[in-house]
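Student: Given next are the chains, with one letter for each unit.
There are 2 protein chains.
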Amino acid sequence: MALTDEKQLKIGEVSRRSGVGIEALRFYEKSGLLERPGRTYSGYRLYDEAVLERIVFIKRAQALGFTLDEISQLIQHKHAGESPCEEVREIIRTRLQELDERIERMVKYRSELTAELSAWDKIGHADGHVCGLIEKSHIENGLSGENQLRPRS
Amino acid sequence: MALTDEKQLKIGEVSRRSGVGIEALRFYEKSGLLERPGRTYSGYRLYDEAVLERIVFIKRAQALGFTLDEISQLIQHKHAGESPCEEVREIIRTRLQELDERIERMVKYRSELTAELSAWDKIGHADGHVCGLIEKSHIENGLSGENQLRPRS
DNA sequence: CTTGACTCTGTAGTCGAGTATAGAGTTTAT
DNA sequence: ATAAACTCTATACTCGACTACAGAGTCAAG
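Chains as they are written, first to last, in the working numbering: chain R, 6 to 158; chain Z, 6 to 158.
No wet-lab data here; the hints were simulated from the structure. Treat the hints with care, since some could be wrong.
[Claimed, not checked] Below, simulated BS3-like cross-link-like pairs (lysine-lysine); rule was C-alpha separation at most 25 Å, straight line:
(1) R:K64 x R:K83
(2) Z:K12 x Z:K35
(3) R:K64 x Z:K113
(4) Z:K113 x R:K113
(5) R:K113 x R:K64
(6) R:K113 x Z:K35
(7) Z:K113 x Z:K83
(8) Z:K12 x Z:K64
(9) Z:K83 x Z:K64
Make a model of the complete structure from these sequences and hints.
Tutor: Now the structure itself:
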């Protein structure tokens with residue numbers, strides 16, 4: 006096996022094999038998540054197959070809740086020779102706390118919603134009001150507060 | 006009490022009394038959530054105090070998880086004379102389902118994260134890897150899937 | 001040799017719910 | 001009379017992770 010055994014891939018093939026869109030790959034490069042690959046004479050990107058592992062890394066980190074910014078920081082640290090373990094741990098701990106808070110809020114919110122719904126089921130809809138569900142709620146003020154309840158997605 | 010008893014409010018006062026920013030009020034108007042108020046000769050908005058109730062309605066609906074788009078639909082329906090009850094119920098039912106799914110995914114995700122963290126605690130950090138936490142995870146593939154795990158916010 | 005598939009760069013748009021700014025005019029207080 | 005505080009419109013920016021497009025160049029097959 007020669008050392009130069011690796012097949013070079015054009016961006017479309019990387020996209021197909023990784024499931025990441027072409028535009029996203031170029032975007033990752035711009036964001037510092039992928040280093041810039043070699044080019045053909047005509048300027049086409051030529052990737053080593055190793056890039057696929059890097060992409061898996063990115064996907065995994067993403068699945069663990071890291072933002073692209075954080076991932077790119079991890080990669081920078083790695084390049085600087087530091088093992089970014091403590092950082093990873095910190096991020097994950099923070100992530101866990103946020104998660105707990107968010108879950109708690111959602112559960113509370115859920116129970117409020119169902120309460121509203123079933124209360125409304127009993128009462129039936131009276132006059133021209135918006136179902137009492139909103140206009141004359143039996144829930145006091147505030148609900149679960151901060152109306153940051155609904156993650157945008 | 007005369008019929009024209011209502012005090013007219015300028016936007017700053019509405020903002021102060023409702024806790025909604027001036028820019029947001031104008032934005033709500035553009036979005037059809039608030040009807041356009043009267044104006045002074047010089048063009049300043051003059052609101053009836055009734056606008057405060059409308060804002061409370063909006064805030065409550067928002068707290069219940071309605072998007073501004075949905076809220077504006079509810080208001081349109083109300084203006085058309087229809088009671089949008091069935092719609093409200095539908096939206097809430099959908100919201101509940103989404104919520105359940107999201108909570109479930111988050112809980113699963115949470116347990117995966119803690120598993121990662123504690124596994125890593127035992128192993129300690131070996132070679133130059135990114136803590137094994139990401140690069141050589143003991144969790145198989147996919148984690149909680151779809152990496153739509155992290156609500157952006 | 002031409003058609004179609006691929007790739008390049010650079011810019012702009014998406015979603016949601018606003019916030020920020022510029023530049024101009026108005027009202028209120030001193 | 002003048003300064004401070006308020007309001008107006010219109011436009012652009014924010015965050016995150018992309019996606020879409022225009023317009024041009026390149027490569028492989030028939």
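Student: Hints first: check each against the structure and report whether it holds.
Tutor: Structure-based check of each hint:
Distance check on the hinted pair: R:K64 and R:K83 sit about 17 Å apart at the alpha-carbon level, within 25 Å; holds. Taken as a hint, the Z:K12 and Z:K35 pair is honoured in the structure, with Cα atoms around 24 Å apart against an allowance of 25 Å. Note on R:K64 and Z:K113: the hinted pairing holds, with a Cα-Cα distance of about 18 Å set against a maximum of 25 Å. Note on Z:K113 and R:K113: the hinted pairing holds, with a Cα-Cα distance of about 18 Å set against a maximum of 25 Å.
For the hint linking R:K113 to R:K64, the alpha-carbon distance of about 31 Å lies beyond 25 Å, and the restraint is violated. Distance hint between R:K113 and Z:K35 is unfulfilled; the C-alpha atoms sit about 33 Å from each other, more than 25 Å. For a cut-off of 25 Å, the pair hint linking Z:K113 to Z:K83 is broken: about 41 Å separates their Cα positions. With a CA separation close to 22 Å, the supplied pair Z:K12 and Z:K64 stays within the 25 Å bound.
Distance check on the hinted pair: Z:K83 and Z:K64 sit about 17 Å apart at the alpha-carbon level, within 25 Å; holds.
Checked against the numbered hints above, the structure violates hints 5, 6 and 7; every other hint is satisfied.
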